[in-house]
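Each chain is listed here by its residues.
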Amino acid sequence: MTGSQQPEPELGEIEWLDGGRPGDPVGAGRPPSQIPRAVWYTLVVVVLAAVVIAVTVSRHHSKPRAASAATPSRTPPTPTPSTTNHPIPPSRVPLVTVRDLGHPLLNVPRGVDLFTSGGDSLLRIELASGRITRTAGVGLSSGAPTSLVAGPHQVMLKSFDNVPGFLIPDGRPARPLPGGLARGTAIYPGPDPVHFWVSDQPGSYQARSELVGVDGRPTGTTLPLGASGSDGAGYLLTEGIGGVYDVRPGSVQRVTSGALLAVGPTRLLTLECDPHYRCTLDAVDRATGVHHVLRPASTAGGGTGTISPDGRTAAVSSIGPAGTTVHLVNLTTGADRSTSVQADSSGSTTMVWTPDSHWLLVVDTTGHIVAIDHNGHARILISGETPITAITLRAE
Amino acid sequence: MTGPNEPEPELGEIEWLDGDPDDPDGPNGPDGPGHQPSRIPRVAWYALVVVVLAAVVIAVTVSQSHPKHRAVATPTPSSTPPTPSITIHLDPPTPTPSVTVRNLGHPLLDVSRGVDLFARDGAIMLRLELATGRITRTSGVELNSTAPASMVATRHGLLLMSYDPGSGLLIPDGKRPQSLPDRLAQGGGSVAPGPDLDHVWLMTNVGNAQAVLVGLDGHPTGPTLPASGDPDDTGYLVVPLTGGVYLARPGSLRRITTGALIAVGPTRWLTDECDDQHRCTLNVIDRATGEHHVLGPTGDHPYDRGQISPDGSTAAVARYSDSSDGSTTLHLVDLATGADRTVVRLGQNPDNGTPALLWTPDSRWLITIGQGGRIVAIDRAGHVRVLTGAGTSVSQLALRVQ
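Same order as they appear, the protein sequences are chains Y and L. Numbers given in our numbering equal positions in the first sequence, counted from 1, plus 1. Numbers given in our numbering equal positions in the second sequence, counted from 1, plus 6.
Hints are computed from structural coordinates only; laboratory data are not their basis. All residues carry an ideal CB built from backbone N, CA and C; glycine is no exception. Hints should not be assumed to be uniformly reliable.
Calculated from the model, a selection of chain L residues having no Cβ within reach of chain Y, i.e. all distances over 10 Å [as the list claims (entries may be wrong)]:
1) Asp127
2) Thr142
3) His205
4) Thr264
5) His299
6) Leu405
Which stretches of chain Y does chain L cover? Using the computed rule of at least three CB atoms under 8 Å from a CB of chain L, they are [said to hold, decoys possible]:
7) 239 to 248
8) 253 to 263
9) 350 to 361
Make a model of the complete structure from these sequences and hints.
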């Protein structure tokens, strides 16, 4: 569809309609087929007959069944596939397909990849080039929130319940999470790119967190607490009696006795209340712990937001009559700018900043990815066929 | 069972097996099975069933062959009054609520008069006058909802309200249940005891979270609280908010703790307080002065929720098990020393998950629901007395002190 004879797709619109160009190892599109309709009908009849025969035979020979059960999950009913870079089981659509839009999706440096999960698919979107890799067969069969965490050459996808998760190497089919990565409730980024925290939910006195390598091997570093989220700097946050605490090996430090509204690598946004329940919005310097009161505030928001890497803007979601709306808070002045974007509030990570702090990427309530700039202007970046439930970013 | 030729029941054990000769209505009321059984022959019943069925068939046939009668058979707001012969009620008959009274003839507990315990057992409500042993049993206490319900004793009865809108009952002492006034029940939500027995805090599902003090007719009396919460044991509410747990009274919100509130009582709080490094201690707070007294480290397995005795000396607290059996144990904590005595396993409260822990006004007895749904009373030494027999399966309790 991106060939010279075809119109360019709208920026950010992805349509998985046909296969790649012949000879292209990763497939970037080819002209539509000219095969007569009668041939298609014949083909359909033959395929149906083959299916009937195959089913009949398999019922009489039970041992081939194991082969068809080897793939992790069902595959989507994608039409004629593009080329793939991995062996495919017979009569199955490919698990990995690649599409090149031929233009950037955002004006960001190369090496900034956005990952999205939803339905049966994982998308790796190379924002600077417009190249999109789709991995099918990663459906979690769960309505619970999910952890979607990027490693240097892979992504981990895990549901907050006990449904088995996946490790998806770049450009290759998914496989089950190995070893210690399959334990616990959630996965969070570790202090370096190849280690990850596997954590239980906080609350139970048996909850703990464990640092695990990308190969699933435990490092031996454990924390005696569960986690409610990443601290944005390679360690963990946990909600406990008395507030929210930053938890690291050998150190537990309260970051607020109020509510944590947004987290970033250098600053936090908190709601602090006094003994008479008079509350203020505070920007907290993580290095010094100094609070800067921005303004009086009344209520907490609709989940934990995220602060831009430059520490200047917090993206928070606020519950109102119209739903959960994304707001941008200036962390110097406290000014609050409401956007038109209705954010998904399912509990998964649905807001990320680009490394240059120019763009906030948000999963909206319709499952699209929306890019919001500093002024609050929004545009749909990705309008895929599968609703998106979680996103994460990797910057090399 | 209380006649002169029958053995006396165990102290405090109630068994509803047959009639009470002192009770003119019998154990199941004027309409219940305490009356003489019918002597109509079985054949007559069969004939009656056949006749009724035939009537139904004829009525349906007639109504279908005469379309102009349909409006009568299926009344609509604009239809003419129905012809009596066509009116057919196919719904199963609803059991008529009944009220029966039984007098054990001896106290259930050694407490002063005017201490009444209300116990909900399915569609039955028991009122146990602890000092006299008089027990009133009201049947037909059914809510049109399976949602959790709140239960508050009032000056002349009991108020039972479902979290779902439109489902609630007022059970006047010694009378059959009545529907709650629309003003109370129409929004659903919950109720909590007010500052006196004639008022309750109404916390509806609609609009902003707030509590409104209403009379038992549902009319607001003026005071409102800016948040909904749990009873504080003096007629106001404790509310978890950002920054801790607050005491809400009209015109004021005052923080009780930045940690967790474990037990409430009229004179003291029991809290779990943590410092910046999440080192936590069990604290007793004097409600009048705000003074903290640290009992000791909380430990790895903190308490969950409880109630402090009126004299402020002991906290009864529940601790939920992390094991798969989901059991809950009751602990009595000495608030002077921190000494903890594990007393008994508690029954599950299916309605709101929080065990009912009720102290008698003299602080001598803690009344709660034991395993199997029996009502138990526990003294300071931890001795357990079962108040109800094996036939009861109580899910909720409320105490009234007059």
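Against the structure, the hints come out as follows:
1. Asp127: holds, 32 Å
2. Thr142: holds, 42 Å
3. His205: holds, 24 Å
4. Thr264: violated, 5 Å
5. His299: Its Cβ never comes within 10 Å of chain Y, the nearest being 18 Å, so this holds.
6. Leu405: Check passes; 29 Å lies beyond 10 Å.
7. 239 to 248: Since three or more residues must qualify, the claim that chain L covers the segment 239 to 248 of chain Y holds, with 5 doing so at under 8 Å.
8. 253 to 263: Our answer is that it holds, as 6 residues pass the Cβ test (under 8 Å) against chain L, meeting three.
9. 350 to 361: violated (count 0)
In this structure, the hints that do not hold are numbers 4 and 9, in rising order.
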